[in-house]
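**Q** Chain order of the listed sequences is A and B. Count the first sequence with our numbering and you get residues 114 to 536, in order. Count the second sequence with our numbering and you get residues 2 to 329, in order.
FYI, nobody ran anything at the bench for these hints, they're computed from the structure. Mixed in with the good hints there might be a few duds.
[Claimed, not checked] The list that follows gives simulated cross-link-like pairs (lysine-lysine, DSS-like), each with its CA atoms no further than 27 Å apart:
no.	chain 1	residue 1	chain 2	residue 2
1	A	527	B	128
2	A	185	A	278
3	A	481	A	291
4	A	261	A	283
5	B	187	A	364
6	A	261	A	444
7	A	386	A	402
8	A	436	A	283
9	B	290	A	527
10	A	301	A	229
11	B	290	A	170
12	A	481	A	170
13	A	522	B	187
14	A	179	B	187
15	A	405	A	170
16	B	187	A	229
17	A	342	A	302
18	B	128	A	522
19	B	187	A	174
20	A	364	A	185
21	A	291	A	364
22	A	435	B	80
23	A	245	A	527
24	A	342	A	527
25	A	436	B	80
26	A	174	A	402
27	A	461	A	481
28	A	261	B	187
29	A	185	A	405
30	A	245	A	522
31	A	338	B	128
32	A	342	B	290
33	A	283	A	185
The chain contents come next:
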Amino acid sequence: MTRRSRAWRVAAVGLGASIALAGCSGGSGAGSAGGNSSSGSASGPTTIKLVAAEYSKDHTKAFWDKFATDYKAKTGNTLQVQIVSWDDIDQQSSTMVQNNNPPDILNLNAYASYAKDNLLYSSDDVLSASVKSDLLPAFVKSGSYQGKMYGMPDLSSARAMFYNKTLFTKAGIAAPPKTWAEFEADAKKITALGGGDIGYGLPLGPEEAQGEFSIWLFNNGGDWKTDGKWTINSPQNVETLTFLKSLATQKLTQNNPGKTNRQDAFDLFASGKVGMVVGFSPLAGTLDKAGKVDYGVAPMPTKADGGTPQTFGVTDYLMAFKKPGNQAAVKAFYDLYYQPDQVNTFIKAEGFLPVTTTGIAAFASDPKLKTYLDTLPNAHLTPTDDPTWDKVKLAVQQNLGTAMTGDPKAVLDKLQQSAENGG
Amino acid sequence: MSQPSTTMTGATGKPAAPVGARPRGRRRATVRGRGAISPLAALVWLAPALLLIVGVVLWPAVELVRASRSRYSITGLRKGPAGWDNFRNVLANDSLGTVLTNTVIWVIAVVALTIAISLGVAQFLTKDFWGRRFVRWAVIVPWAASLVITARLFTLIYSYYYGSINAVLLDLHLITTPIDFLGSDKLIMPSMIAVGVFVSIPFTAYVFVAGLGAIPTEVHEAARIDGGSPWQIWRHITLPLLRPAILVASVMNMIYVFNSFPIVYTLNESNPGFSHDTTITFMYKLAFKSAEKDVGQSAAAGLFNVVIILVAVLVYLRVTRWRDQEEQ
C-alpha cells in the first residue's frame with residue numbers, strides 16, 4: 114500500500130460519510146411510502162393511503178385505525194394509515210412529493226402551495242354537495258385557492274386568554290383584563306408578587322410565533338393581509354409588536370420570550386408560575402387532567418377601550434392528491450369522515466373545535482367550550498389560502514423572535530418585503 | 002459511528018507495518034499459486050459489497066447532484082432544471098458568514114478539547130486499579146446512547162427554569178438568577194461544545210487506549226533507567242509514539258463533529274434564525290424549516306459541505322505531514 118493511497122483513503126472515508134449524510138436530506142427517506150394499487154375502474158376495491166399528523170399519542174392513531182375499519186366495511190376499499198409527528202410531517206410530505214410518491218390523502222396545516230402546484234383534487238371532484246354545505250363558511254373560505262376549495266378542514270381551534278385564578282387572587286385582581294392597559298397593569302401586579310411568578314407567558318420562538326402575534330394584532334385592528342395586499346408592517350402591527358417587546362423589556366414575561374416555544378410557555382403555565390397565557394382547548398384538557406392549576410378562560414383584551422375581543426382561529430386540512438384511479442375512493446373517504454359520528458368523535462377526543470354547522474350544534478351543550486364556540490364563526494384566520502403565506506409563515510417563525518431584542522419595525526419591514534417578493 | 006472505529010483502532014493497533022519489507026513480485030506469485038479465480042466468480046463474491054457501495058454511496062451522491070441542479074417548489078415538486086441558481090443562492094445567503102464561523106468554532110473547539118481530555122482519560126484507563134473494568138464500561142455509556150436522546154437530556158439539564166445545573170448553582174448560592182445556557186447568544190455555543198466534547202470522548206479515549214497499548218513497555222523501561230522524569234517520558238516517548246493514534250482520532254473526530262446534526266439542532270431548537278447553526282443544520286433548515294424551504298438549495302449546500310470537509314481533512318493531513326509519519 115502506498116503512502117499516498119492511505120492518505121486518500123482516510124479522506125475518502127470522510128467524503129463517504131458526508132455524502133451519506135447529505136444524501137439523507139436530499140431525499141431518499143420515503144422508501145416505505147408505496148403500496149398504492151391504482152386499479153383503473155372505480156367499481157373495484159381500491160387501496161388508498163392516508164398520511165395524518167399526530168395530534169396526540171393517545172387518540173390520533175386509535176381514531177384513524179378504527180376509521181380505516183369502518184371505511185373498509187362501508188366501501189370495500191382499504192385505507193392504509195400512517196401517523197407522523199408534527200415535527201417530521203413537513204419533511205416527510207416534501208420527500209414523498211419529491212419522489213413522486215405522494216399519499217392519496219394528506220393531513221397538514223397548509224395546502225395552498227400544493228393546490229398551486231396542481232397536485233390536488235378540488236371539492237368539485239371529491240366532496241359531496243351535502244358535505245360541503247355543512248362546513249362553516251369561514252373554513253370554506255380559508256380552504257379555497259383561486260375560487261376553488263382544495264383544503265378540507267379536519268378540525269379547528271380558537272385561542273383565548275387563560276389566567277391563573279390563584280395568582281390573580283393573590284395579586285388582588287378581580288377580573289381578567291379587558292384592555293391592553295389593564296392587561297399590562299395586571300401582568301405587573303403578578304410579577305410584583307415575587308418568588309419567580311411571571312406576569313405573562315409570551316412564546317415568540319420558532320414553533321408558532323405567527324400564532325401568538327396573530328391574536329395580538331387582530332385585537333389591535335391589524336391583519337396579515339388587507340384587501341388582497343400584504344400589510345405585515347402596517348402601523349397597527351408595528352404598534353402591536355412594540356407593545357409585546359415592551360412587556361419583555363419590562364420583564365413582565367418569562368425569560369427570553371423571543372426564544373420560547375409555545376409548548377414551553379404552556380408547560381410554565383401548567384406549573385402554576387405564570388399569570389396569563391394565550392391558550393386553546395387542548396391546553397384546557399391538559400390542565401384538567403393534571404388538576405394542578407385553578408384557571409379561567411377569558412376573551413382576549415383589546416387595544417381600544419371597549420373594543421370587541423377578536424379571536425384567532427386555526428384549522429388544519431385534509432387534502433387529496435390527484436392520482437389515477439383514486440378519485441372515487443377519496444370521495445368515499447370524505448363522505449365517511451364528515452359523518453357527524455366520525456368527525457365529531459375525532460375532534461372531541463383530541464379536544465379541538467368543530468368545523469361543521471352540525472358540529473357546532475353537537476358541541477354547544479359543553480359549557481367549557483362556550484367561550485370558543487361563540488367566537489368561532491367570526492374567528493380570524495391566517496391567510497392560508499395564499500401559497501405565499503406558506504413561506505411567509507416560515508419567515509415569521511424564524512425572525513419574529515428577534516424583535517424582542519431588536520427593532521420591531523425593521524423586523525416587520527423585512528417580512529413585508531419578503532412577502533411582496535412572493536416569500 | 003461504530004464501524005469505522007473498529008477498523009481504525011485495528012489499524013492503529015499495529016502501527017509498524019512489516020508488509021513494506023516484502024518484495025512485491027513474490028506476493029503476487031503467491032496469490033496466483035493458490036489457484037486463479039475467474040473474473041465472474043470474483044464478481045459474484047464482490048457483488049454484495051459493490052451493491053452496497055452503489056446503493057449507499059453512489060446513488061445518493063448522484064441524486065444529490067441532480068437535486069442541486071433542479072428547481073423545486075415549496076411542496077417538493079421538481080419544476081425543472083435550475084442551472085447553478087441553487088449554488089448562487091446559497092452563496093448569497095445573508096447568514097452564510099455566521100454559519101461558517103459557527104462551524105469553524107464548533108469543529109475546532111470540540112476536536113481540540115476532545116483530544117486533550119481524552120489523552121488524560123486514556124492514561125487513566127490504562128492504569129491498573131481496582132474497578133478499572135467498571136470505569137471502562139462507564140466511559141462507553143455516552144457513546145452507546147443515541148445522540149438525540151443525549152441532546153434532549155442536555156436541554157433539560159441546561160433549562161433556565163427546570164435545569165439541574167441551575168438548581169444546583171442556585172442552591173449553593175453561587176448565582177442569584179438562573180443562567181440562560183441555551184438562550185444567551187454568548188453561552189449557547191460553549192454549551193453545545195460541552196455536549197459535543199462529552200459524546201466524543203469515549204471513541205477518542207479508546208483510540209488512545211489502543212495506541213498506548215501498542216507502545217512497547219521496553220521503551221518506557223529504558224527511559225526510566227536512563228533517569229527520565231515522568232513528564233519527560235510522557236512528552237518525549239509516549240506522545241510521539243501516540244502520534245498515529247492522535248492523527249487518526251483527529252481526522253475521524255473532525256468528520257463526525259462537522260457532520261454532527263442532533264446536538265446542534267436539538268440544543269438550538271428554540272432559537273430563531275440561523276445565528277447559531279452549523280453548515281449541517283443550516284442545510285437541513287434550508288430544506289424544511291426556513292423561509293427558503295427549498296430542497297434544491299439544501300442539496301447545493303450539502304455539496305458544499307462535502308467539499309468543505311474534504312478540503313479540511315486534506316489540509317489537516319498536509320499540515321500534520323501525514324506522509325512523514327508513514328515513513329517512520
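**Q** Give a verdict on every hint.
**A** Here is how each hint holds up against the structure:
For the hint linking residue 527 (chain A) to residue 128 (chain B), the alpha-carbon distance of about 61 Å lies beyond 27 Å, and the restraint is violated. Distance hint between residue 185 (chain A) and residue 278 (chain A) is unfulfilled; the C-alpha atoms sit about 48 Å from each other, more than 27 Å. Proximity of residue 481 (chain A) to residue 291 (chain A) is assessed by CA-CA distance (about 20 Å); at most 27 Å being required, the pair is judged to hold. Only pairs whose Cα atoms come within 27 Å are accepted, and residue 261 (chain A) paired with residue 283 (chain A) is rejected, the gap being roughly 53 Å.
For the proposed pair residue 187 (chain B) and residue 364 (chain A), the alpha carbon gap of about 20 Å is at most 27 Å, so the pair holds. Taking the CA atoms of residue 261 (chain A) and residue 444 (chain A), the gap is near 16 Å; set against the 27 Å cutoff, the hint holds. A threshold of 27 Å between alpha carbons decides the hint, and for residue 386 (chain A) with residue 402 (chain A) the separation of about 18 Å falls inside it, so the pair holds. For the hint pairing residue 436 (chain A) with residue 283 (chain A), the CA-to-CA distance comes to about 60 Å; that exceeds 27 Å, so the pair is violated.
Restraint check for residue 290 (chain B) and residue 527 (chain A): the C-alpha separation of about 18 Å stays at or below 27 Å, so the hint holds. A C-alpha spacing of about 47 Å is found between residue 301 (chain A) and residue 229 (chain A), which places the hinted pair above 27 Å, so the restraint is violated. With a C-alpha separation of about 24 Å, the suggested pair residue 290 (chain B) and residue 170 (chain A) falls inside the 27 Å cut-off, and the hint holds. A distance of roughly 23 Å separates the Cα atoms of residue 481 (chain A) and residue 170 (chain A); the hinted pair therefore holds under the 27 Å criterion.
For the hint pairing residue 522 (chain A) with residue 187 (chain B), the CA-to-CA distance comes to about 25 Å; that is within 27 Å, so the pair holds. Between residue 179 (chain A) and residue 187 (chain B) the alpha-carbon distance is near 51 Å, which puts this suggested pair outside the 27 Å criterion. Distance restraint check for residue 405 (chain A) and residue 170 (chain A): the Cα-Cα separation of roughly 22 Å lies within the 27 Å cut-off, and the hinted pair is therefore satisfied. Straight-line distance between C-alpha atoms of residue 187 (chain B) and residue 229 (chain A) comes to about 43 Å, which puts the hinted pair past the 27 Å bound.
For the hint pairing residue 342 (chain A) with residue 302 (chain A), the CA-to-CA distance comes to about 40 Å; that exceeds 27 Å, so the pair is violated. For the hint pairing residue 128 (chain B) with residue 522 (chain A), the CA-to-CA distance comes to about 63 Å; that exceeds 27 Å, so the pair is violated. Taken as a hint, the residue 187 (chain B) and residue 174 (chain A) pair is broken in the structure, with Cα atoms around 42 Å apart against an allowance of 27 Å. The suggested pairing of residue 364 (chain A) with residue 185 (chain A) is violated, with an alpha-carbon distance near 56 Å, which exceeds 27 Å.
Pair hint residue 291 (chain A) plus residue 364 (chain A) holds up; C-alpha atoms about 21 Å apart against a cutoff of 27 Å. For a cut-off of 27 Å, the pair hint linking residue 435 (chain A) to residue 80 (chain B) stands: about 17 Å separates their Cα positions. Between the alpha carbons of residue 245 (chain A) and residue 527 (chain A) the distance comes to roughly 39 Å, so the proposed pair goes past 27 Å and is violated. With a CA separation close to 16 Å, the supplied pair residue 342 (chain A) and residue 527 (chain A) stays within the 27 Å bound.
Proximity of residue 436 (chain A) to residue 80 (chain B) is assessed by CA-CA distance (about 18 Å); at most 27 Å being required, the pair is judged to hold. Proximity of residue 174 (chain A) to residue 402 (chain A) is assessed by CA-CA distance (about 20 Å); at most 27 Å being required, the pair is judged to hold. Only pairs whose Cα atoms come within 27 Å are accepted, and residue 461 (chain A) paired with residue 481 (chain A) is accepted, the gap being roughly 12 Å. Restraint check for residue 261 (chain A) and residue 187 (chain B): not satisfied, since their Cα atoms lie roughly 50 Å apart, outside the 27 Å limit.
The hinted pair formed by residue 185 (chain A) and residue 405 (chain A) fails the criterion: a straight-line CA distance of about 43 Å is larger than 27 Å. Restraint check for residue 245 (chain A) and residue 522 (chain A): the C-alpha separation of about 41 Å exceeds 27 Å, so the hint is violated. Under the criterion of a C-alpha separation no larger than 27 Å, the hint pairing residue 338 (chain A) with residue 128 (chain B) is inconsistent with the structure, at around 70 Å. Only pairs whose Cα atoms come within 27 Å are accepted, and residue 342 (chain A) paired with residue 290 (chain B) is accepted, the gap being roughly 25 Å.
This hinted pair does not check out: residue 283 (chain A) and residue 185 (chain A) have alpha carbons roughly 56 Å apart, beyond 27 Å.
Hints 1, 2, 4, 8, 10, 14, 16, 17, 18, 19, 20, 23, 28, 29, 30, 31, 33, counting from the list given before, are not met by this structure.
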